[in-house]
Amino acid sequence: MANGILVFIEHVDGKINKASYEAVRAAQLIGAQIGQEASAVILGQGIGDAAAEIAAKKLKTVYTVENEWLKSYTADGYTQAFKQIIEQVQPALVLFCHTYEVRDFAPKLAASLKRILLGDNIGYKIEDGQPVFTRQVFQGKLAADVVPVGDTPHLVSFQIGSFRGDECEAGQAAAQALSVNLDADVVRQQPEERFKEAKAAVDLTQAPLIVSVGRGIKEQKNIEIVKKLAESLGAEIAASRPICDNEWLPMDRQVGSSGQTVAPKMYLAVGISGAIQHIVGMKGARTIVAINKDKEAPIFEIADYGIVGDLFEIVPALTAEAEKLK
Amino acid sequence: MKIIVCLKQVPKNDSILRINEQGTWIQDRDLTYEINESDQYALEAALQLKEKHGGEVIALSLGPARVQTVIKEALARGADRGIHLEDATLDNLDAFGISTAIAAAAKAEGFDLLLTGLQSDDYGYAQTGVIAAELLGLPHATIVMDVQATDGGIRVKRELENGFFQWVSMPAPAVLTIQSGINTLRYATLKGIMAAKKKEIKKLDAAGLGLDTASLTPKMQFRRVYVPVKSKQTQFLEGSPAEVAAKLIEKLKNEARVF
Ligand SMILES: Cc1cc2nc3c(=O)[nH]c(=O)nc-3n(C[C@H](O)[C@H](O)[C@H](O)COP(=O)(O)OP(=O)(O)OC[C@H]3O[C@@H](n4cnc5c(N)ncnc54)[C@H](O)[C@@H]3O)c2cc1C
Ligand SMILES: Nc1ncnc2c1ncn2[C@@H]1O[C@H](COP(=O)(O)O)[C@@H](O)[C@H]1O
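Residue numbers (this note's numbering), protein chains in the order written: chain W, 1 to 326; chain H, 1 to 259.
The set of hints was computed from the structure by calculation and includes no laboratory data.
Ideal placement from N, C-alpha and C gives every residue a C-beta, glycine not left out.
Each statement offered as a hint is correct.
Residues of chain W placed beyond 12 Å of chain H at every Cβ, according to the derived structure:
#, residue
1, L29
2, I34
3, Q36
4, K58
5, N67
6, W69
7, K71
8, Q88
9, V89
10, G129
11, G165
12, E167
13, A173
14, A177
15, L182
16, D183
Calculated lysine to aspartate or glutamate pairs in the DMTMM-like style (CA-CA distance at most 20 Å, straight line):
#, chain 1, residue 1, chain 2, residue 2
17, W, K265, H, E250
18, H, K253, W, E231
19, H, K157, W, E193
20, W, K71, W, D185
21, W, K283, H, E161
22, H, K230, W, D304
23, H, K251, W, E301
24, H, K230, W, E296
25, W, K295, H, E243
26, W, K324, H, E250
27, H, K251, W, D304
28, H, K232, W, D294
29, H, K12, W, E296
30, H, K247, W, D304
31, W, K293, H, E238
32, W, K293, H, E243
33, W, K218, H, E34
34, W, K114, H, D212
35, H, K12, W, D294
36, W, K218, H, D14
37, H, K157, W, D252
38, W, K326, H, E243
39, W, K265, H, E255
40, H, K72, H, E86
Just chain W, same shape as in the assembly:
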């Protein structure tokens, strides 16, 4: 590998996505181990301040790519522009944080280079001088070590939270503007303004105690037993995505990457497997309790207290016990 590591910096209207610092940190760490210098690239229009912010990190060069077709993100615009940058810079390794935006275009970018994105990794190790990446399979139930096959550049993304963005080494990067060719034929998507749906009626972020229910509950009518437990503990009720998808509980009760991010004193997960998209929304809880019939369920990887068993037996017993607290 010869030409360094290139990190993708994501932003909306010049405001950098914090997750990009995690990718910078990953590049600094991996780069030091494999003897490659890290650089970063930011695409857009009016991105001078964002580039300056990134240039204060220990990086060789911060490349800026200004083009009117990059004013708002589109999969087509970003893919074409990034492809042209890769051809100019010729990096050995391209690193991303696995955000929704990266999910949207990085596989296309990789395919346009006849490569594959090694996506959504949670870490890496060095074997025979080369990085080997670790990713989750079966929704976190198993882990897999994977390596790219074939010529560089290799494209790799890391799951949000895999590296500490606040631990980036400071430095002073050189700035370099690069140009790309884009036009209306290339950029076929027309994005509208980003928006939020009506404000959530319940604010779970302030709840000190949360009892959360997952698909282990099986049927809508069974939700009642979890509601009773929540009541007897004085806790708010929350849920994993499938419960809200089925409309068994309203959307504003959903915890996770596409729901609310909560940090209560206690989070009690009932019949929730612990997929990463759920865990990112609740891992900040001070005490995590999980009730699950499967002792291998990933939720137990982060639980302080675990009960392996049938929730239909345990939840009523727990409700009875909680009543005694009153």
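With chain W held as given, fit chain H with the ligands onto it using these hints.
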């Protein structure tokens, strides 16, 4: 609207996973299977679009003979036809290889929309549809929550992070990856199951797809698969339901000081 929906067969969500002898994937003995979760929503989205705008829904699945179950289920729910891609050279492909085969079949068939789920529950690449779009030279959108037909194209609602959404328009044909929960799933009726028996399932192999096997060589490799290392020391509480309940409340009160 002519819509092709990609349906993947995956081990049932509560399967007990045993790692194979080489330590490179799981053993597929004794597994039961189901349709990948988000693919079911993609199928439902296709059926609803057809009900609104007319046209045809084609269920496409790549895999061994057992994936016919998935296609039959889709036909029973209302899809019009099926395509089954099966060939020994199509086993153990990475997302690029799977997309190459799917793209070839979709291209030969022709379509207005190619739908996939946003992510498979086993490999979890979240890439197959996006790669296929690139290989087919078509626009795409991921994590789609709503689809509207427009003049000459489509307008889709994408889920973004932190509770944001965004509408994006693009010309058709296009490729969309569908998020779970975008609609309410229907189940097969007895009538649907009977009707499905008369529906066609076309079988295609690598030669029939005109695939050059060199284009299928893996671009990534699994070194090993293993049970994840725990980051936290979980205290497992044991006993009868009443006993564990009492223990938990006691610990939450006196050890974790939650109450
Ligand atoms: C882009 C994207 C965004 C997403 N956003 C979110 C999000 O914001 N929030 C979210 O939660 N998910 C989200 N998901 C979905 C996520 O990947 C998982 O599919 C989901 O969290 C699984 O929910 P679950 O744990 O309730 O269900 P399952 O994974 O089906 O788990 C059910 C669990 O219940 C246990 N169980 C079954 N029966 C019993 C019993 N009788 N007693 C005890 N335990 C039992 C099982 O062992 C299993 O562990 C997202 C996915 C994607 C791809
Ligand atoms: N073997 C397959 N047959 C049909 N569709 C597939 C297959 N593999 C992947 N897909 C589709 O591609 C989507 C994304 O898969 P993945 O890229 O593996 O996460 C799935 O939800 C399916 O819709």
